[in-house]
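Protein chains: 2
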Amino acid sequence: MSRRPTAAILVTGSEILLGRTQDRNSGTLARSLDANGIRVERIVAVDDREEHLRAALADLVDGGYDLIITSGGLGPTHDDRTVSIIADVTGLALQLDEGALAEITAIVTGYAAQRNVPVEQLLPGARKQAMVPVGAHVISPAGTAPGLIVPGATTIVVLPGPPTELAEVWHRALEHAAMRDLLGAQLERRVLRIWSTPESTVARVFDELGGDQHGTETSICATRLEVEVVIRFAPAARAAGTALADGLLDAFGDAVYAEDDLPVEARVVQGLEQRGLTVACAESCTAGMVAARLAAVPGASNVLRGGIVAYANDVKIAQVGVPAATIAEYGAVSAEVALALAEGVREVLQSDLGIGVTGVAGPGGGSDQKPVGLVHVAVVGPHGTRQVLERSFPGDREAVRTNSALTSLHLVRLLLQDERLSLDV
Amino acid sequence: MSRRPTAAILVTGSEILLGRTQDRNSGTLARSLDANGIRVERIVAVDDREEHLRAALADLVDGGYDLIITSGGLGPTHDDRTVSIIADVTGLALQLDEGALAEITAIVTGYAAQRNVPVEQLLPGARKQAMVPVGAHVISPAGTAPGLIVPGATTIVVLPGPPTELAEVWHRALEHAAMRDLLGAQLERRVLRIWSTPESTVARVFDELGGDQHGTETSICATRLEVEVVIRFAPAARAAGTALADGLLDAFGDAVYAEDDLPVEARVVQGLEQRGLTVACAESCTAGMVAARLAAVPGASNVLRGGIVAYANDVKIAQVGVPAATIAEYGAVSAEVALALAEGVREVLQSDLGIGVTGVAGPGGGSDQKPVGLVHVAVVGPHGTRQVLERSFPGDREAVRTNSALTSLHLVRLLLQDERLSLDV
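Just so you know, the sequences run in chain order A and B.
Under numbering that gives the first Met the number 0, the first residue of the first sequence carries the number 0, and numbering increases by one thereafter.
Under numbering that gives the first Met the number 0, the first residue of the second sequence carries the number 0, and numbering increases by one thereafter.
Hints should not be assumed to be uniformly reliable.
[Claimed, not checked] Short derived list, chain A residues pointing at chain B, Cβ under 7 angstroms:
(1) R30
(2) R41
(3) V45
(4) A141
(5) F205
(6) A286
(7) N312
(8) V314
Hints listed in this document are in silico derivations from the structure and should not be mistaken for laboratory results.
Cβ coordinates follow ideal geometry from the N, Cα and C atoms, glycine included.
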């Protein structure tokens, strides 16, 4: 097809409607669909009541999307009604799928043995889960619930609700021959992530470059301290897409810190590992967030020595070696203390790089000279390399702390560009 | 009204549909609506295109909800179309609201002075933002965009998109006389949060107690390591609602750790502060998450001394004083090392309580004896008080680490129940 296929996502779950749980499935699916060239036009969440699910599904089927993906309602009990409602709404009869029944029966038999439950209790549920609309393709389960691809003017993909099961079954569905036509229009993407630049500046430069051309489709999205530009284009528009991306690269130069989806902490761990360097953190207001983000990267143990959460001033002095006089003269929230934290933790934990963070996270503790949101961050390395930064972050305690941690990771990234730390030295 | 009012939430934003940003506004509104006795039946997200917004809004108006809340699309430019589409769909004409114009003009005049921008550039936008459907009530802006309450068979509340603005304007809308009828049916709630108990066990006991009675409505929701039960009831059903809550309290006793919405770290900080105790953390696999969660609580500086992220073994030894022989004999992931971390950090940072966490977060580093997900957590306090726990968490690196941090906070909570730490000693 020449136009991009469209999709809607339908998630079910009372907890979401009560605001007790955040829906993660729609984000997983939306990212994957975008990467596969499919445009998501609507995301709907409803609770588990039959009439609500039926009404929402009927609205989406009327919406004329090429693809509808549902999440949830595939369990073994009568409360799990997604499949029967889809059969109703599409006018397809349900029939027992013998292959699915065999597969589910094998799974629940193993499960019954493990848990010492009579398997007979589980067989009616297995049979219920093996009832599928006529013509539907069964996708092997990751838990006990198989997924379905229901072909038609609108293709309906039916996925289980638990996020890890959903991701696995969706991955299998993407490989299925019945999805091939929808995915035929796969687009190329160029991603540019630009640090510490206003979204309006990026948008202005984008306009000056001529904006989207026929065949390109760009999104510009500001998240925490960065602007992410994604340029999508069909192979026929590769020249235009590439020109746009290269134009932005020229305009923003070093501020473009990534051309992929990796978080900054992964780049930092990778950069340290390539250079054979280690790092340690001394954190006051962030209180462990920087170390925790580094440790979130698999394999971080190759580069992360550890850290000191120096919340109380006497801990800064006794554990990190910040001179008491520096705190007395400049205050705990100062460039001098940030540097002393970075230098001290580098020495105490015997790492190549040291990170120091200190700031006023709020809501209390601010003053005229040092208002809530003021943060000092320092990174020091071998050969006299260093990066220091002062920032005033808006927002609440959580925002100030998260942005401080993020800024310190970007400072490490910048430090690693110093040629004195290069691979060749 | 005797039945509960119903609501739908409509959020706009291309980033959400692309899976690049998680929508937080719908959760904020859903929690607030639930607390105000209003049942949210559908949440819809659409991108910023006019035809998509119009179609989604028309579907919701046809849905017969008592209340529709929209978020986003209120900016000063022609791309922000929410208000004009609402006027179209409801058949109401737009007119200039002089009061809103005066208020927005004052705001942008201050803004222009601050940024050194000619105010004339901003006045057309202010005028656009002051155009409201006939009969709508204007809610004062938190940024520049006022909110609206559009009365009718379906009340439509129109809110700005930025999360902090949305929360503030929504709070004002709730106070408005035009909302009084919808909020008249406010329900009472009993919240029980049960730690470390399977959801199926809670559901079974709930059924044994007779389940929901006429006038009560209960949700049982499992999140990380806890099951949250919320029982909602009208004043007339207070006896039934209270009996249910008390029955669950009897059945689960000490496992019920909260009857409010406070996160466990806030209870811990509160409990420490009441007893005049301080805490410090030595963290391996969590690498700062425990300290960071404690520091997320405003006022944590009264109780949190700091912490040591002891990622490398030699940091555990040199900085926290874990005996090298203990690591050699039992391995870094062991109850013995967790205890030595807790005891060591308590001594080094001179705190009353010490927390130690060590585990195999994965994906690498697991073995037959010590598989990925194995975690040891210890908390020690004065007078020989201590809590230790071994757990095997399923899930990925992030899940293992988050659940380890959460478990250590619960162990502190349990330790604080020890009468040797009571206020009276």
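Evaluated hints:
1. Hint on R30/A holds. Least Cβ distance to chain B is approximately 3 angstroms, under the 7 angstroms limit.
2. This hint holds: R41/A has a C-beta 5 angstroms from the nearest C-beta of chain B, less than the 7 angstroms allowed.
3. Hint status for V45/A relative to chain B: holds, with the closest Cβ pair at about 5 angstroms, below 7 angstroms.
4. The interface hint given for A141/A is violated, since its Cβ lies 13 angstroms from the closest Cβ of chain B, which is over the 7 angstroms cut-off.
5. Using the Cβ-Cβ criterion of 7 angstroms, the hint placing F205/A at the interface with chain B is not satisfied: the shortest such distance is roughly 15 angstroms.
6. Interface restraint check for A286/A: the shortest CB-CB distance to chain B comes to about 3 angstroms, inside 7 angstroms, so the restraint holds.
7. The beta carbon of N312/A is not positioned within 7 angstroms of any beta carbon in chain B (closest approach about 10 angstroms), and the interface hint is therefore violated.
8. Restraint check, V314/A versus chain B: the minimum CB separation of about 4 angstroms is within 7 angstroms; hint holds.
Checked against the numbered hints given earlier, this structure breaks hints 4, 5 and 7; the rest are met.
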